[in-house]
Amino acid sequence: MRRFDYHRAETLEHASRLLTELGDDTFLFNGGTDLLVEIRERLRRVRNVIDIKGIPGLSDITYDETRGLTFGALVTVGRLERLALVRQRYPNLREALASLGSIQVRNRATVVGNVCRASPSADTIPPLIADGAFIHIYSPTNMRVVPLSEFFTGPGRTVLAKGEIVTGITVPPAGDNTGKAYLKHGRRKAMELSTVGVAVSLSMDDGVCSDIRIALGAVGATVLRAPQAEAMLRGTTLDAATVKNAADKAMEECTPISNVRASADYRRDMVGVLTGRAIRQALETFA
Amino acid sequence: MKRIVEFTVNGEPSEMTVDACCSLLDALRDDVGLTGTKKGCDVGDCGACTVIVDGQPVNACLMLAVEAEGRTVETIEGLQPGVDVLHPLQDAFMRHGASQCGFCTPGILMMAKKLLDDNPNPTDEDIRFGLSGNICRCTGYTKIFDAIKSAAREMEAARS
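Those protein sequence lines, which keep their order, are chains A and B. Numbering (the working numbering) for the first sequence: -1 to 285. Numbering (the working numbering) for the second sequence: 557 to 716.
Derived by calculation from the structure, the hints in this document are not laboratory data. There's no promise every hint is true.
Unchecked claim - Pairs of lysine-lysine, DSS-like flavour, derived with a Cα cap of 27 Å:
#, chain 1, residue 1, chain 2, residue 2
1, A, K51, B, K699
2, B, K595, B, K699
3, B, K699, A, K187
4, A, K51, A, K160
Remember, predicted model here, so these are calculated numbers, not experimental data.
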């Protein structure tokens, strides 16, 4: 493996200072399941890694009915996947977690790492955006909480400035009248990067859809919302004809590219199929 | 700069002297001398290097050796309960011919051990899910499944 130096950060302030002082080619080292591969395959030039896994307070998972689910930057995909609360309240996120890499990878990879990597095809991002999650940012000068939907600026790019560190994510509570789904489309069932991923979170009041968020993965430079499709669905009973029209609209709203995994046309077609399917699956909660 | 890492491997306190950028996999094989853990892809895809760290299976190639400080690592060398005594999984793998070239076998055995520890009576779907990060290119998995189910039955019988 190409040589690099290893630093262990004691605090967020320490990690932030190291990020700034050690210069370019310095990266946070959390789960490492992407970073170590990128180093080994020479996809990323790395001189220093800063291990943040010893920083206290970043491993917590909390849930309450007003604030929702909050998990720290060090929480692994596997730990969250195994939590009964996530299975019951966030089936969309749970589906995404259980489909990421392998069990071995999930025991090392963190959800925050998957999010910060900012891949358009990252599995955990669509359900978190559909659920209206927020991301907590430590900054020496500008501590803030940002809606996850505003966190990404492009493939691999986020609003984080030099020396800033994501400390955790909060997902709003799941009400009794909410339905959720995440559908991952790929060529195989495991060890797969998503070709298209569609997450839907919706609320029903007396048989009428009071709110819905649709998040589309791997069909744009970042994970996208489908605001026009959502607007067509709000206030309706989500009957088959309306869902079909909205799914067609979502196909217009996405901006896929062709690459080794699929063509743009195929991805767009799958957005239509999966959006309708995800809405129906989210509705099954109420059946 | 070399670092000294103190950890527990297969129940014994151990020490390794490693570079910061050395993977746990390379350290186990080259420094500690435990070569049962195999290096297949070295990028977390194949599962041949699966070891159990603090009770959870991980790819040893995707962990730095320095991160093992103070941790408990179980490798294939620790699976045998005693000299000349095989773990029921090892015994079943031999009887069922669940190993051909054998390169994936240590990783699959560690994963299967964890699977049966958590779930003594796995369905085919449970085994499929449990082994989804372990690639075997020889057997087609049928005999591996047979062996794991056979070991599960024997371990169940031994308990009752």
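Verification of the supplied hints:
Distance hint between A:K51 and B:K699 is unfulfilled; the C-alpha atoms sit about 40 Å from each other, more than 27 Å. Our distance criterion of 27 Å between C-alpha atoms is met by B:K595 and B:K699, whose separation comes to about 23 Å. Of the supplied pair hints, the one linking B:K699 and A:K187 holds, its CA atoms being roughly 21 Å apart against a limit of 27 Å. The straight-line distance between the Cα atoms of A:K51 and A:K160 is roughly 19 Å, inside the 27 Å bound, and the hint therefore holds.
Hint 1 from the earlier list is the only one contradicted by this structure; the remaining hints agree with it.
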